[in-house]
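Kindly generate the complete structure, drawing on both the sequences and the hints.
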Amino acid sequence: MSLADPRLQGPAATETTMPTSTVTSPPSTTASNGNGARRRRYHAEGLEAGKRSTRTLLWILLAAAMIFYGFPFLYLLFTSFKTPIDTIAVPPTILPREWTLENYTNALGRSGVLASFINSAQTAIISTVLSLVLAVPAAYGITRYKTPSGRVFIMAALVTRMVPPVAIGIPLASMMSSVGLADTPIALSIAHTTISLPLSIWLMSSFFEAVPQDLEEAATVDGCSRLGALWRVVIPVVSGGIAVTAIFAFLASWNEFLFALLMTAVRSQTTPVVIANFQTQFGLDWGSMTALAAVYSIPVILLTLLLQRKIVAGMTLGAVKG
Amino acid sequence: MSTRKTINRFATIGGLCTAVALAATGCGAGGPTNSGSAASTVNVLVEAGGHAELTGVAEQCKKDAGIDVNFVELPYDGMFNRLSSEFSSGNVSFDVAALDSVWLPSFKDAVQPIDELFTDEAKKDIFPALVKEANVDGHFIGMPAWTNAEIILFRTDLFEDAANKNGFKAKYGYDLAAPTTWQQYKDISEFFTKDGMYGTDVKGGVETEWLAHVLQAGSPMVLDENNNVVIDNAAHKEALDFYTSLTSYAPPGAAQVDWAAAQNLFNQGKTAMTRFWAHAYRQIPKDAPVAGKVGAAPMIGGSAGVAGVPGPWYLTVPKATKNADNAKKFVKCAYDYNSLGIESSLGLASRISAFEKYQDKSGYESFGPLITTLNGKATDTRPATEKWQQIVDTVLVPLLQKAVAGGDSTALLADAKKQIQDLLK
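If you're matching them up, the sequences are chains A and B in order.
Under my numbering, think of the first position of the first sequence as 1, with each following residue one higher.
Under my numbering, think of the first position of the second sequence as 1001, with each following residue one higher.
Some clues are possibly wrong.
[Said to hold, decoys possible] Coverage of chain B stretches by chain A, computed from C-beta distances (three or more under 8 Å per stretch; other residues unrestricted):
id, region
1, 1047 to 1059
2, 1093 to 1105
3, 1229 to 1243
4, 1262 to 1272
5, 1277 to 1285
[Said to hold, decoys possible] The calculated lysine to aspartate or glutamate pairs, modelled on EDC-like cross-linking and capped at a C-alpha distance of 16 Å, are:
id, chain 1, residue 1, chain 2, residue 2
6, B, K1286, A, E102
7, B, K1332, B, D1120
8, B, K1286, A, E98
9, B, K1108, B, E1386
10, A, K146, A, E209
11, B, K1357, B, E1343
What the hints contain is simulated information worked out from the structure, not anything from laboratory work.
As the structure is a prediction and not an experimental result, all values here were calculated from the model.
Backbone N, C-alpha and C fix where the C-beta goes; we use that ideal spot for every residue, glycine too.
Next up, the structure:
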């Protein structure tokens, strides 16, 4: 990418370069100059109008996408404020006819809910840290030492994502039980790491790929060891990527249901199982279920907002390569 | 440098969080458990909806026998997998498991006999169909904790309306009252299907109701006593034809209607009658349009009389638990204090005496019809085969969905017979 690249010079640069085709036509008279200026202005206005309509179209598409993705959550939120009869209305209504906080009182007053939140947080934190501790060196090794075994390893990591969790859930539960870890958050964290680790390795690999090797070489010239260069130079550069990976690993554990169902009992039951417990063989308590689900989403929303800048930076890291 | 600082800050926060999490990991926030030990704590695995049923029993058991009870609540859909997983591994995290009756044959080898709890007195106080079902291969392996059956729920305001009474008598030649036969049920359904309202619902997503009609028509359900597949006999066809004939008087989309949908339709006042589990009578929301306007009657009868399919849950003691003595003490407590379940939100029991104690009290009007249905001469339990759940999921429900959508009943039943025979091979 050179400095002459219009992408680096902002919109003004792009605008000035656009009408060059008209400028190249040979100027002959004053009239023709005036016509040319008018043509250029019309052309520029046309482009401006085209940009405006494209922008409007993009905004409409964005709004549609937001509604498409956001509506289910909004519906969940509205349902959590509905009275019992409103939650099962036929046909269903979007807004509550009568607003109530009763569902939140019921859901949060249920025994075991607080404990399940603590268990979810413990499990997600441990699983996230485990994923990062294993994925960062693994991805670094794969991207910097481009060996055949590294390529096999990363493909193998991808293949593990293709194994349905239910196929490994039952053996994993038996294994944890036989090593005395049954019904503990650590066992569940290890299980969740099996889900998030392959994705974490792949994500981190793409982030490390985007870091020029010259940076590390410069650091080693300045006296850093390989690990020192990794810690002092590379990791700060990919910190956004680490944040993105951490968010994905955290979410994978925070929302996971099947392993939690198979591996937890009295001590370490997590909130997704408690939320599912509102659907029983004898009925479905929509109000309490949606209220607890809404509360359970808060930490994830806060975490995303807190790390928003890092996430955006991380997502664009590796998108443009020089 | 600011990035370095950010990294260090993240590393410190992450490290602290991990340290705290790891420190607390030893026991989890749900409290300690002694499953599998000989402690006085008993872990009871129960479907989330049944937890409330046993809470009172647990408190009483603590007082009487000094046993602490921890409940492990799980959603119904995941419970079978969890039970399969633990029973097959030989390590169980619970000392007592509440099993749906349909799972009893599947787990018969993983639970221990509790014959000593089935005294003559107990056997007299438990519905005959349940005593039969609890006995697998000559041993009692489960104590019924609560039971249910489908009864008729109907709108009293509509049934007592003078105009409706006169109109019905003029059209059908007999008085409008809670139906007792198939024909009456059909007539009343037809009568109330008007002005945006429907007479009844038809549930294509669940099989139990059609099976109750099969019993009413005089045949065992799907398999006879020798495990021969009889799903293509005349009674099954008669029951299926009756079942599908009601789709004209039911809301559209019957193939997708399950218990939850049918209950919603009735509670919203969209249907005049429903055949539904008895517990629903006490679960009508207070702000529902039909609240205070619902009556209960026994399940309708066919040529073989009144019949329903009982829906009990059984308390079982796994062979793998090391806490069997206390587990059995808890099961006995659950039998002794069975009526405490009636005071719970679900409001069910399994002993005849418990239901009879409450049947004349206000708010428990569904108990009389429930007792009548469970004592019905044709009432019977589901076939005791390990493949039952598979038969239901892969054959019976698809069969019903095709039937209510207009499929040919003879062909569908013949096809179902072949499929079930293949499953049982």
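Structure-based check of each hint:
1. Closer than 8 Å: that is the beta-carbon criterion, and the region 1047 to 1059 of chain B has 4 residues meeting it against chain A, so the requirement of 3 holds.
2. Three residues within the 8 Å Cβ limit are the bar, and the region 1093 to 1105 of chain B against chain A gives 3, so the coverage statement holds.
3. Counting residues of the region 1229 to 1243 of chain B whose beta carbon lies closer than 8 Å to any beta carbon of chain A gives 0, which falls below the threshold of three, so the coverage claim is violated.
4. Remark: the region 1262 to 1272 of chain B is confirmed as covered by chain A, as 6 of its residues place a Cβ nearer than 8 Å to a Cβ of that chain, reaching the required three.
5. For the region 1277 to 1285 of chain B, the assignment as covered by chain A holds, since 5 residues bring a beta-carbon within under 8 Å of that chain's beta-carbons and 3 suffice.
6. Straight-line distance between C-alpha atoms of K1286 (chain B) and E102 (chain A) comes to about 14 Å, which keeps the hinted pair within the 16 Å bound.
7. Distance hint between K1332 (chain B) and D1120 (chain B) is fulfilled; the C-alpha atoms sit about 14 Å from each other, no more than 16 Å.
8. Straight-line distance between C-alpha atoms of K1286 (chain B) and E98 (chain A) comes to about 14 Å, which keeps the hinted pair within the 16 Å bound.
9. A threshold of 16 Å between alpha carbons decides the hint, and for K1108 (chain B) with E1386 (chain B) the separation of about 9 Å falls inside it, so the pair holds.
10. For the proposed pair K146 (chain A) and E209 (chain A), the alpha carbon gap of about 11 Å is at most 16 Å, so the pair holds.
11. Only pairs whose Cα atoms come within 16 Å are accepted, and K1357 (chain B) paired with E1343 (chain B) is accepted, the gap being roughly 12 Å.
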